[in-house]
Each structure stands twice: as structure tokens, then as C-alpha cells.
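Just so you know, we're using this note's numbering here: the sequence shown kicks off at 1 and counts up by one.
Careful, some of the hints might be misleading.
Here are the computed lysine to aspartate or glutamate pairs in the EDC-like style, where the Cα-Cα straight-line distance is at most 20 Å [as the list claims (entries may be wrong)]:
| hint | residue 1 | residue 2 |
| --- | --- | --- |
| 1 | K52 | E267 |
| 2 | K283 | E128 |
| 3 | K52 | E128 |
| 4 | K52 | E238 |
| 5 | K52 | D26 |
Derived Cβ-Cβ restraints for the label pairs, each shown as a range [to be verified]:
| hint | residue 1 | residue 2 | range |
| --- | --- | --- | --- |
| 6 | D236 | G294 | 49 to 57 Å |
| 7 | L290 | W41 | 16 to 24 Å |
| 8 | P157 | F123 | 20 to 28 Å |
| 9 | N100 | Y156 | 21 to 29 Å |
| 10 | P162 | Q28 | 20 to 28 Å |
| 11 | G294 | M154 | 39 to 47 Å |
Just so you know, the hints here were simulated from the structure itself, not pulled from any lab data. Ideal placement from N, C-alpha and C gives every residue a C-beta, glycine not left out.
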Amino acid sequence: MTSAPRAQAITTPEILQSSMSTQCLDYQVIGMCAWLYCSAWGCTVRTSIRVKHYIPELVVSAYENTGDNPWTEIAMLSPPTGDALGGGSARESVAQQHSNTRFKNVDAIGHPSELFYRFASGFGWFCESNSQPLMPYFISTLDALAWRSGVPEMAYPEALTPGMREMGSVGDLWSPIYPRSGFVSQTHDYKVAATAAQRAADVVTRSGQPHVYQPLIARNSPSSGIWGPGPVLEGDAETHQWQELAPNIRMSCSTFPDGGENDQLQEPGDYAWALWRPYRCCKKRGQELLYFTGE
1 MTSAPRAQAI TTPEILQSSM STQCLDYQVI GMCAWLYCSA WGCTVRTSIR VKHYIPELVV
61 SAYENTGDNP WTEIAMLSPP TGDALGGGSA RESVAQQHSN TRFKNVDAIG HPSELFYRFA
121 SGFGWFCESN SQPLMPYFIS TLDALAWRSG VPEMAYPEAL TPGMREMGSV GDLWSPIYPR
181 SGFVSQTHDY KVAATAAQRA ADVVTRSGQP HVYQPLIARN SPSSGIWGPG PVLEGDAETH
241 QWQELAPNIR MSCSTFPDGG ENDQLQEPGD YAWALWRPYR CCKKRGQELL YFTGE
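Working from the sequences, and respecting the hints, build out all of it.
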């Protein structure tokens, strides 16, 4: 199998710069929180502002050739390993493979900008997530059995029921989410990569999935002033948004379908997106949350 040409790589400084997108952040002050604070001298009520915004938690790369993650500094984390050798599109010359079935390797790595949000959260200006910067949450070469065979998810109801858990819209259906593997029955390379990235995010943001991965479960502790999102659900901006990083950096976010198939690589190539997830929070200023305002 011949190697596909690599798209332009992206570096960590460029990823950090891309996280300055105000459209993706969508920062809003939505209300206030009232806390009961008690000490040896009595109890008082303290308040803090309540905000909501998105946090870039993961960089999800979907790429053609094993070991060629477009994120330059992370490429060394996914070398070919055992049964994970190879990659790329299906070939007519390979038995039981067809030209409309393509394959993508996927890595999901903790977004490096999380360091900033952790620092800023101490002042009550921003929320904090559980994402660990540069943490490998999913490396498809380490999940070779499930990512390359679809076992056991090919037998799940979501994979067998038409119209269930599908990404896209009426008249523009991209692909089913299940089975969550690297093979996608789709002819457009951008849609293949986006589907593979969506599948990986679907796995990572849930616990107990039949894959080799590290779960990234959103922080959700109202008693501490943190309201996190649920697991990623395709097309639902209340659980996530995507920001394209490669082959082109965009300073805006959306859910799939995002129109990117109209101006992206047509030949097999490499892609990367930042996964942003919405949080609501307020700075904890007492032992007990009495009430809060805002959505």
C-alpha cells in the first residue's frame, strides 16, 4: 500500500494560538451564585459571578498513514505497533475491501491550553475541566482490535438500526457513529476523517466502553459551582463543538456537518480538530451553595 501525501503539519504553538478564538470560547456572564460562609465569628452570604463558556479539551487527529499524526510534537506517540501496521483507504485489490470504504487512524490528546484555564479558574473568571494537557486519551494504534475490526460494536443495536446514531442531516447523511472504528463507508475524505474523529470523541467522553482508552468525563459538581456537559453527542452544540486545526486553522467552531467538505482535501490526507465542550461555573466562596441564577 502506498503512502498518502501528508497535509501541512500543525505545531503546539499554533494550537495554543488557535485557542484564542472568542467565537469558540463564547464567554458569557449568565448570573450569580450565593454561598453560605461560616466561621468562628458567624455566618455570612457571599456571592460570585456565574459564567458559561466552552473549553478546548482535546486535540483529535484523523490521519491516513500510521504514525503520521499531523500534530508535529505528538507524532512520536503513535508509531506502527503490531497489528496496527498500515492505514489509508481501502483498495479494490485487497479482498473484501471496496473503494467506498476508507480508514483513518485517530489520536485524542489533551489540549495544551488547559494550563491557562486552570490558572484563570483560580480567579473565578473561567471554568476548569478534567482534561490533562498533552495526556493521550485515545491512540488508535493501541486500540487496534476494536478500531480495525469493529468488534464487538458491529453487533450493537446502534450499528444494526438504520437512522440510529447517524451523523449528518436529512439529505446530507455522512455516516453512522457505530461501530466506532476507523473504517468509514464514505467516498469523501473530509467526511471520513470527521466521522472517525467524532467516533473517537464519542468513546473518550464515556466510561466503560469496549476500547483501549482513558476516559475524559466532564466535571459536574453543582455543590462546588461547576456544571459540566454530558457525553459528546453528534450534532449537539450543548455537548461539544469542533474547531479545525489542520489542514487549515479556523478561528470558529461548529458541529458536524460543518461545510468543511466543500473546501478541504479531496485526496486521502491528514486532519486535526480541537474539541471544545461547554461549562458553567462560579467561584466557590463558602461551604454551601444556597442558590444560583441564570440558565
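To see whether the hints hold, each was checked on the structure:
{"no.": "1", "hint": "K52 x E267", "verdict": "violated, 39 Å"}
{"no.": "2", "hint": "K283 x E128", "verdict": "holds, 11 Å"}
{"no.": "3", "hint": "K52 x E128", "verdict": "holds, 11 Å"}
{"no.": "4", "hint": "K52 x E238", "verdict": "holds, 12 Å"}
{"no.": "5", "hint": "K52 x D26", "verdict": "holds, 8 Å"}
{"no.": "6", "hint": "D236 x G294: 49 to 57 Å", "verdict": "violated, 21 Å"}
{"no.": "7", "hint": "L290 x W41: 16 to 24 Å", "verdict": "holds, 19 Å"}
{"no.": "8", "hint": "P157 x F123: 20 to 28 Å", "verdict": "violated, 47 Å"}
{"no.": "9", "hint": "N100 x Y156: 21 to 29 Å", "verdict": "holds, 22 Å"}
{"no.": "10", "hint": "P162 x Q28: 20 to 28 Å", "verdict": "violated, 39 Å"}
{"no.": "11", "hint": "G294 x M154: 39 to 47 Å", "verdict": "holds, 44 Å"}
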